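Heads up: the sequence shown begins at 1 in the UniProt record's numbering, then just goes up one per residue.
None of these hints come from the bench; they were simulated from the model. Since we're looking at a predicted model, the values are computed, not measured. Note that beta-carbon positions come from the ideal geometry of N, C-alpha and C, so glycine has one too. Among the hints, a few may not be true.
[To be verified] Derived DEER-like restraints, expressed as beta-carbon distance ranges:
no.	residue 1	residue 2	range
1	Glu32	His52	28 to 38 angstroms
2	Ile59	Asp33	30 to 40 angstroms
3	Asp33	Thr10	31 to 41 angstroms
4	Trp110	Asp79	39 to 49 angstroms
5	Gln114	Glu78	45 to 55 angstroms
[What the hints assert, rightly or not] Okay, derived cross-link-like pairs now, DSBU-like style, lysine-lysine, Cα gap no bigger than 30 angstroms in a straight line:
no.	residue 1	residue 2
6	Lys92	Lys68
7	Lys58	Lys68
8	Lys68	Lys83
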Amino acid sequence: MSDYEPGSVTALILQRIDDVGKSVERVDRRLEDSELRASESRRGMHQRQEQHERELLKINHRLENVEKAVNDAAPTLEDYATKKAQVEGAGKLGRALWVAGGFLLALAVWLVGQKENIWSWLSSR
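All chains, please: the whole structure from these sequences, using the hints.
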């Protein structure tokens with residue numbers, strides 16, 4: 001160490017200390033910036049989470065309304081199904097009555113047409 005003058009070694013040490021101090025300041029600024037960005041990110045996430053919670057509450061409320069409407073409509077739907085079955089049964093009965101009526105009408109027309117034959121057959125006995 002005799003090659004170095006005391007002033008130059010001290011200057012070199014002071015220069016290194018100054019460089020380390022500047023590096024520490026840069027790291028400190030980076031940490032502050034990082035903490036600020038992290039804080040803003042957490043705030044944004046918290047706000048989005050609160051918004052999602054509000055949306056879920058709205059959806060839950062709407063779902064409850066739909067459930068209530070379906071439960072309120074259940075008797076009406078059952079009544080509709082009953083009426084539909086009755087109408088189908090009445091339609092089948094109506095068709096059967098029309099067929100029977102047509103058959104009876106055809107039989108009556110035939111009997112009127114065969115009146116002479118029927119009287120002669122009955123009187124021959």
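Here's how the hints hold up against the structure:
Between Glu32 and His52 the beta carbon distance is about 30 angstroms. The supplied range of 28 to 38 angstroms therefore holds. As the Cβ distance of Ile59 to Asp33 is approximately 39 angstroms, the hint placing it in 30 to 40 angstroms holds. One distance hint, 31 to 41 angstroms for the beta-carbon pair Asp33 and Thr10, holds here, with the actual separation near 35 angstroms. Between Trp110 and Asp79 the Cβ separation comes to about 46 angstroms, which falls inside the hinted range of 39 to 49 angstroms.
Taking 45 to 55 angstroms as the suggested C-beta distance range, the pair Gln114 and Glu78 conforms, at roughly 54 angstroms. Only pairs whose Cα atoms come within 30 angstroms are accepted, and Lys92 paired with Lys68 is rejected, the gap being roughly 37 angstroms. Restraint check for Lys58 and Lys68: the C-alpha separation of about 15 angstroms stays at or below 30 angstroms, so the hint holds. In summary, the hint linking Lys68 to Lys83 is supported, as the alpha carbons are separated by about 24 angstroms, within the 30 angstroms threshold.
The structure is inconsistent with hint 6 alone, although it conforms to all the rest.
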